[in-house]
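2 protein chains.
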Amino acid sequence: MATLEDLGVSAFINILSSFVFLLLFAVLRIQPVNDRVYFPKLYIARKRRAHDHSSRSAVTRFVNLNPCTYIAFLSWVPGALRMSETELVAHAGLDSAVYLRIYTLGLKIFLPIATLALLVLVPVNVYGGTLRGLGKDIAFSDIDKLSISNVSPGSNRFFFHLLMAYVFTLWVCFMLYKEYSNVAFMRLHFLANQRRCADQFTVIVRNIPRVSSHSTSETVDEFFRRNHPDHYLGQQPVYNANRYAKLVKQKERLQNWLDYYELKFERHPGKRPTGRTGCFGFCGSEVDQIEYYRARISEIERRMASERQKVLNDPKAIMPVSFVTFDSRWGAAVCAQTQQSKNPTQWLTDWAPEPRDVYWQNLAIPFFSLSIRRFLISIAVFALVFFYMIPIAFVQSLANLEGLEKVAPFLKPVIETNVVKSFLQGFLPGLALKIFLYILPTVLLIMSKVEGYVSLSSLERRTASKYYYFMLVNVFLGSVIAGTAFEQLYAFLHQPPSQIPKTIGVAIPMKATFFMTFIMVDGWAGIANEILRVKPLVIYHLKNMFIVKTERDRERAMDPGSIGLGENLPSLQLYFLLGLVYAVVTPLLLPFIIIFFAFAFLVYRHQIINVYNQEYESAAAFWPQVHSRIIASMLISHVLLFGLMSTKKAAYSTPLLIFLPLLTIWFHKYCKSRFEPAFRKYPLEEAMEKDNMEHASEPNLNLKSFLATAYLHPVFRLFEEAAKEEAAKEEETVEVRIDKAQRQQNRRQEEIQVSSSLQHQEETHFRSTHETYYHHEASHVSRSTQYHEGIHVRSDTDSPSPPHFVYHYDIES
Amino acid sequence: MATLEDLGVSAFINILSSFVFLLLFAVLRIQPVNDRVYFPKLYIARKRRAHDHSSRSAVTRFVNLNPCTYIAFLSWVPGALRMSETELVAHAGLDSAVYLRIYTLGLKIFLPIATLALLVLVPVNVYGGTLRGLGKDIAFSDIDKLSISNVSPGSNRFFFHLLMAYVFTLWVCFMLYKEYSNVAFMRLHFLANQRRCADQFTVIVRNIPRVSSHSTSETVDEFFRRNHPDHYLGQQPVYNANRYAKLVKQKERLQNWLDYYELKFERHPGKRPTGRTGCFGFCGSEVDQIEYYRARISEIERRMASERQKVLNDPKAIMPVSFVTFDSRWGAAVCAQTQQSKNPTQWLTDWAPEPRDVYWQNLAIPFFSLSIRRFLISIAVFALVFFYMIPIAFVQSLANLEGLEKVAPFLKPVIETNVVKSFLQGFLPGLALKIFLYILPTVLLIMSKVEGYVSLSSLERRTASKYYYFMLVNVFLGSVIAGTAFEQLYAFLHQPPSQIPKTIGVAIPMKATFFMTFIMVDGWAGIANEILRVKPLVIYHLKNMFIVKTERDRERAMDPGSIGLGENLPSLQLYFLLGLVYAVVTPLLLPFIIIFFAFAFLVYRHQIINVYNQEYESAAAFWPQVHSRIIASMLISHVLLFGLMSTKKAAYSTPLLIFLPLLTIWFHKYCKSRFEPAFRKYPLEEAMEKDNMEHASEPNLNLKSFLATAYLHPVFRLFEEAAKEEAAKEEETVEVRIDKAQRQQNRRQEEIQVSSSLQHQEETHFRSTHETYYHHEASHVSRSTQYHEGIHVRSDTDSPSPPHFVYHYDIES
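Chains A and B supply the protein sequences, listed in that same order.
Start counting the first sequence at 1093; every next residue gets the next number (the working numbering).
Start counting the second sequence at 1093; every next residue gets the next number (the working numbering).
You may find that some hints are simply not true.
Repeated chains share a single entry, so a pair holds when one copy, or any two copies, can fit it.
[As the list claims (entries may be wrong)] Computed cross-link-like contacts, DSS-like style, restricted to lysine-lysine with a CA-CA straight-line distance of at most 30 Å:
id, residue 1, residue 2
1, K1270, K1434
2, K1200, K1434
3, K1541, K1764
4, K1773, K1434
5, K1635, K1782
6, K1341, K1356
7, K1526, K1782
8, K1270, K1200
9, K1761, K1773
10, K1635, K1139
Derived from the structure by calculation, the hints contain no laboratory data.
Construct the entire structure; sequences and hints are all you get.
See below:
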């Protein structure tokens, strides 16, 4: 066990590294060349523009030479705090604003608890007296003197701990209740004040039965005309364009390479770039790269054209899913919340996610398959959480030298070299684990995708919940009782249930210093690392160097990212767990958590204002999960405290603890029924109110045209563009007057346009939103604006040379 | 362990006693005097009438003297089987018909399983060989030779058991799926073919918020006019008349005594009955009983009048609950399934139970209190299941002689008498347990009432589920591992979880003979006892002797009862559990269960046709519970088999068992999502279809008047009657021409009428139904018909002497 001095050293190191990160950040963020890495959200929100090139020297365009700006290295903090919550909601959406509330909730919960615990429990522990009496010959740490370990068994002082456990639980419940009610109110308020959006009028219908004589669209039309005659407006069928989307992605990748080589050729016009085609450029025949990629792109285009025809003409390409729109919010709310068909596995209706949030690939999964998938994945998650060490141990055993030599005997001479050998022996086993942990969130996301959820937001929430289980078992329990999850599972099955809380409870105070260090490394230094954005910084500059040709390419190269709820929620929940478990046991841990929450709050507020651009808006749909995880943490802390105190022979006080978990469970049930419907359903009262207001203010609204293309499958927009492009090409061939040079130029620009139109695939959610969705909200006029305008212009002007226009637009922007 | 001979003796005894019961039944049922005990349902359904008195001698009116009818003592069996299922649904409702399907499901499941198990597993076990080799010196039973215990540890023969476990599970799943789908279809079909009922158009709204300036009715009106403008029709407020109902009950009890004494006086006109007023007639002053009860009744009537005024005039007597009606099934379905208010704890809507099914007392419980109640009751049920032995042991300790002497020293001389002493010592301790087990269902029902469910059907289902837990822990586990539930709980907490299935699994085959005896005693003889109806028989004859004055009183004295799902479902589920657990372990138990199912099927079919009269119709709403309990039984059987086989060192076969519970869980989830909505929600497609059909067939239907009084609180009908009665009385006093004798007669008849109108309170659900509910369905023209007609006539004729009419009517019927 570490002493206070050890801990001090660790704290010093971590504070120092955090300081260095912050310093680096302070220097890097004020360099104009990094502007798009550290302020992408402002670019997207049009609050910041590329600096005027003419007025600056070549150097100042890239490096900040003003010494004053270097002095205040924490100057970003006031900026992060200045924006009010209302502005924040308008600027970054409700999801982000509510995400920040998790940190403030942490502060609100732990600041009073820490104060009380330090004032009451620490003195009780210090004068508790077991360890003090034993003299210096038994190894104990100074921190243990301040923890519950210091109280002698059977002491009546445990009543203090008991009392504090009750006070803390009540306080946490109180704060949770207040916060849940706040967030629910914010959500309803946000939804109520939202402008007219397509998703308010739309219901997603899944598992539409196939009727042999009808097409799916006809079936849907007939069904809803019959069963919702007063409110049914129309429908938007969903096409299975997954294969087409794959081709688009492939083309995009090739286009990137083509751009790269063309840029290379431009810079060194004397030498045409060549390379080999096979095996990562190692073998195959040597070809001219530009010609080669052009040929491959045109081949893919041919395949895309035939695939397009297939999707459009094959009735089987229409999936048994549809977005059904209603003429009022009331009608949509009714349809989303009721059962439609006698067979409850058909005509499943639910609120449509907002267009940006739809995960198109999963729309076609039938009900039966869905139930199997969810079941299999839940088994897989269980296996992953408890047995993930098995494949890793296997890889590690392969990765030792004998194993490697057996598998690949030809490597023997290389491996036997001393330097390589020691490197491999030291590095390989750890590498397998590191790689696994790095790809874990992605694996969990894929698992969630297999489960068949149809919106990105629910995918992210499911990922978060899976990750939480992993962290709980492998990080928390794994650290406390120091064994792999598999060993824990074995122990749990072969120990009496009453023994388990004792085993863990006894280990809890001993691990306090470990978790303090963990908080400093993972929390403090991790957050400082977060603000530095090393990975996006590197990638941006690489892209800038190799692919970026225009200002618009640069726009695309900048990657604002999003908060990453899938990873961040579980780790936040882990901090809540640590705080609640140690609040009574070792109160000294709480200040570390408070510092983490405060620091992370500042950093994330800065990032949300300046960097992140959320892909979708779920209106804080993740809050019920946050709430119930904190409740679960409380329950765990009660069980462990019970285990710990029962080993301390505190016979009078321990049984009184039994009411705590009961109280907590009841509180959870109450909150669930009190608040959760606000996150799952849309009250008719609300819907009716908004409908009436709208009718009063805009009596002649043409809702049908407003909703017509809101949920158009991304591929359809590509189709439209492709069709226009072909028309344009044909007209082009007629224009014989255009001289060759002009044509050449045209062709290149046309390619640029094609490439950009391909990129749309990625951002289509944005675009599809755009024409219908947040079209009034300035705060949401985001990165897709320029595409939108481009498209709009193009579709308006049926001129023979649209590329010109696009090019112009690029230069201008 | 019992040998085959022991079992044979036990079987002989039980078969003999069943035979005796059946014989008794055969004799008793053909006596005309018992007609109303054994065929009440036929009387209610007007398929049987009181025998014509004039055409019979005094003796034949009571005793059957026709010797031929005594011969065929099983003559009721063909009658029970003759009715088809469709007729049964029409005769007794869907609940009863589906209840019988549980027995046929048992037969369908266990007949093939038993055949297969006896053909395959018994030979495998017999030649399995452990016990055979050990010779006669080790005590083992013949039955164990046929069970899995006979197979030597580590034998490969366990693969047969494994295979059979899979086959059985698949078969059970298949049958369950088929049955669930059948029942769901029957339910939908039943609902679809139902005549127009009030509950199809009605939604119960709870937790209506109080608005200070408005009355509750106005608030409801305004809310639904705003949010369901197209479909809202009207509402029926609910009055808090619980106190009034209590007074009514009290008056009814007094009236019974008055009737008794008046009858006594009539038979012995010379001697007016007298008695003492206090302490069960032991002390107090001596009074004329008839005068005394008349005085008390008139006092209660005064209190009722004032209470009535209070309810009618006090706005606080209107509860924040309302029955809201819509102009179409579609509108009601929409309202029932959607969330109405922004605050999810207000304006809670749900399908209204049918009027007979409403449990009025619970309507006023607010949401917050409800969440606390449910939580506390779930703790109480847990305590009851695991710790019920503690209070009983306490009572038992009190009930021993020393304890009794201490508590009540004055009883010492009595107790010390030898006869009394031995009686008390032998009898008292057992008595406490017997009493507890006898009142247990009532206690559980009261607990369910405290939980706040608003329909009788849900109360019964909740009671059944609580009783199931009790039986599972105390009957099944208690018998297998032979300890109180409290000891089990202790063992479960202090044993490793992997040990528990082993402990129980090993004990399972040893308890086979015990359960066989249990099935014979509880199942065979119990069912034979059921058909005899001893308790209703005795009570009917007692009532007949002391209270019954008119044919109509006799009608009331007959108590058809209902199936009693609260007790019968759990015990049926216990038989499924036994069958599934022993199917692989000791297949010899299965024939016992099959006989039980077959016999019980016959008996209950007979009872449902001739005796039981269901209080309400829930359209088989209990089926999901039956289904999931059988699934749970399967899971238990898998776990126990796993435990048993792991002690048998069957290392190859045991791990393969792990897939069985997983398969079963998935099957359950699938069935739940596939079928359960049919039992919880009402599909809009269906609602729309019926609405359209109705519009087409009855375009001018006045739904408003049809629904106006459907959900009138019972007390309101009493009010109306009371008001009329008062008016009648006033008019009576004006009629001076009526001579004294006539007046006297009038008064008595009036009293009869009052008493009968009081009895209405009990049957009001029936009545309230009557005017609006099943008014076309002959099958439901049940016991309340005469009251209904009586009321109707009375309210039509505003003549000064309504009692006359009533009296006439009584004589006629």
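Hints violated by the structure (numbers, ascending): 5 and 7
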